[in-house]
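Protein chains: 2
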Amino acid sequence: MDILSHLSLSPLFEGLPSGHLEALAMIVVDQDVNRGELIFSEGDNGKGFYVVVSGRVKIFKVSSEGKEQILHIFGPGEPFGEVPVFAGRQFPANAEAMEKSRVFFFPRAAFIDLIKANPELALNMLAVLSMRLRRFTVLIEDLSLKEVPGRLAAYLLYLSESKQGTRHLELDITKTQLASLLGTIPETLSRILGRMNKRGLIETEGPRIRILDMEGLKELAEAGVWIPD
Amino acid sequence: MDILSHLSLSPLFEGLPSGHLEALAMIVVDQDVNRGELIFSEGDNGKGFYVVVSGRVKIFKVSSEGKEQILHIFGPGEPFGEVPVFAGRQFPANAEAMEKSRVFFFPRAAFIDLIKANPELALNMLAVLSMRLRRFTVLIEDLSLKEVPGRLAAYLLYLSESKQGTRHLELDITKTQLASLLGTIPETLSRILGRMNKRGLIETEGPRIRILDMEGLKELAEAGVWIPD
DNA sequence: CGTGGCCTTGATAAAGTTCAAGAGCCGTGG
DNA sequence: CCACGGCTCTTGAACTTTATCAAGGCCACG
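Residue numbers (our numbering), protein chains in the order written: chain A, 770 to 998; chain B, 770 to 998.
For the record, the hints were derived by calculation from the structure and aren't laboratory data.
For clarity, every value in this text was computed on a predicted model and none was experimentally measured.
Hints are supplied without guarantee of correctness; some may be wrong.
Since the list gives no way to pick one copy over another, a pair counts as held whenever it fits inside one copy or between any two copies.
[Said to hold, decoys possible] Heads up, simulated SDA-like pairs for lysine to any residue below, C-alpha to C-alpha not over 25 Å straight-line:
| hint | residue 1 | residue 2 |
| --- | --- | --- |
| 1 | K932 | A856 |
| 2 | K816 | I772 |
| 3 | K885 | E847 |
| 4 | K932 | G812 |
| 5 | K932 | T973 |
| 6 | K816 | E783 |
| 7 | K944 | E984 |
| 8 | K987 | N863 |
| 9 | K932 | E783 |
| 10 | K836 | I884 |
| 11 | K944 | H841 |
| 12 | K836 | L902 |
Sequences are here, hints too, so could you generate the full structure?
This is the structure:
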């Protein structure tokens with residue numbers, strides 16, 4: 770598939786005149802990365818941003834003791850690493866391919882010229898950043914105002930909603946990664962899944978999770994803490 | 770002071786041709802709010818965004834149990850409530866005046882027209898949102914990867930840096946609010962300030978904090994946990 | 001001069017992490 | 001083809017951090 774058709778699939782470039790898409794195609798750098806490969810590290814100078822073409826990329830922070838907090842997991846069409854493009858300075862976090870992936874790199878200067886020439890592109894980028902802020906707001910709320918069971922319940926409901934409300938979920942990340950996404954560790958996640966099982970909220974079978982009590986899960990996500998036995 | 774000169778003071782409107790500033794001045798709604806007054810609530814429909822003219826505004830979330838997490842404290846010149854303008858939907862958090870304040874309100878549609886006509890304004894707004902994302906990234910890292918002493922140390926160092934590295938700090942918010950900003954409660958904050966005193970890291974006297982051991986604080990902020998006695 | 005908010009301190013309890021050990025699973029290479 | 005090593009996942013026990021509940025002091029403002 771050629772670069773142009775990939776570009777047109779990304780929400781970021783929606784509604785752009787084809788002339789501008791062609792201009793974009795001229796400036797992209799096509800890049801293949803292997804599973805586990807770092808795309809950039811926190812503190813690197815950002816000379817441009819990326820868009821996932823295929824595969825998955827995780828954005829994360831690491832503590833001095835090695836604990837990891839995943840901020841995002843991005844799939845095809847989603848841009849990442851834009852902060853230094855507009856705010857200057859370095860990347861605020863790390864980016865790593867979770868599987869063999871293909872990404873497009875957009876050099877900063879050329880992209881800014883395109884934005885100046887095309888307000889629609891600017892508005893699209895503003896929308897992307899705004900949605901990201903919204904998601905961070907939720908993540909911060911979860912981390913500071915909810916306990917782990919509440920965060921897990923919210924995540925399961927989110928998964929369910931993003932699949933038309935199905936009760937049969939299939940994790941497409943390891944439980945270790947899910948723990949990192951929820952701001953905890955695998956041991957804690959394992960115990961809480963166990964408790965949810967015992968309480969009849971869910972039924973787990975490896976990476977498959979069946980929601981038994983949607984209402985109970987909603988209460989839990991809402992309250993942020995366990996409701997007494 | 771007239772609206773025009775206030776606008777020119779905000780970084781958001783830096784570098785705009787005076788014609789556009791005048792256009793902006795035409796669409797703003799000037800608004801006075803008293804201490805403790807809500808400017809908007811989470812879930813309200815966002816029909817525009819705001820800029821602080823004078824006073825201070827806090828953006829915060831509240832848990833179902835009433836615990837509060839402050840996301841930002843904004844002062845003169847800083848915009849807030851922009852997310853719904855570009856991403857649509859509702860405000861993701863609450864905004865409340867911390868003291869008698871004056872704010873400008875910019876209706877969404879008129880502002881978007883201005884952006885379309887002025888790429889410089891778009892780039893300024895992109896810079897604002899990007900910096901906000903950067904700050905959230907740090908907040909998330911702190912909440913999930915550091916313990917309260919580490920967060921407090923980081924905050925004190927931030928205060929010091931923002932005042933040219935002085936060792937004499939003066940809190941301009943109550944300790945209860947500081948606790949909320951750090952994602953904890955007043956009791957815990959009080960205990961940790963006490964421990965920092967005992968260890969000779971700082972010296973407190975009401976809202977005045979003197980840094981005695983800058984290096985020690987940096988270690989603490991870096992490690993995120995206490996270093997053994 | 002009383003009242004409400006803010007701050008501090010203590011005792012207690014809950015949640016989560018750490019450390020340790022063992023089971024299951026999978027791909028690689030002999 | 002199977003054994004090995006590595007990784008994920010689970011479970012238990014001890015420990016640490018933080019929140020909760022309760023009480024008292026302080027200060028500012030009406």
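Do the hints match the structure? See the list:
{"no.": "1", "hint": "K932 - A856", "in the structure": "between (35 Å within a copy, 22 Å between copies)"}
{"no.": "2", "hint": "K816 - I772", "in the structure": "within (21 Å within a copy, 37 Å between copies)"}
{"no.": "3", "hint": "K885 - E847", "in the structure": "both (21 Å within a copy, 23 Å between copies)"}
{"no.": "4", "hint": "K932 - G812", "in the structure": "between (36 Å within a copy, 24 Å between copies)"}
{"no.": "5", "hint": "K932 - T973", "in the structure": "within (18 Å within a copy, 53 Å between copies)"}
{"no.": "6", "hint": "K816 - E783", "in the structure": "both (24 Å within a copy, 24 Å between copies)"}
{"no.": "7", "hint": "K944 - E984", "in the structure": "within (24 Å within a copy, 38 Å between copies)"}
{"no.": "8", "hint": "K987 - N863", "in the structure": "between (33 Å within a copy, 22 Å between copies)"}
{"no.": "9", "hint": "K932 - E783", "in the structure": "within (23 Å within a copy, 44 Å between copies)"}
{"no.": "10", "hint": "K836 - I884", "in the structure": "neither (38 Å within a copy, 41 Å between copies)"}
{"no.": "11", "hint": "K944 - H841", "in the structure": "within (15 Å within a copy, 32 Å between copies)"}
{"no.": "12", "hint": "K836 - L902", "in the structure": "both (23 Å within a copy, 21 Å between copies)"}
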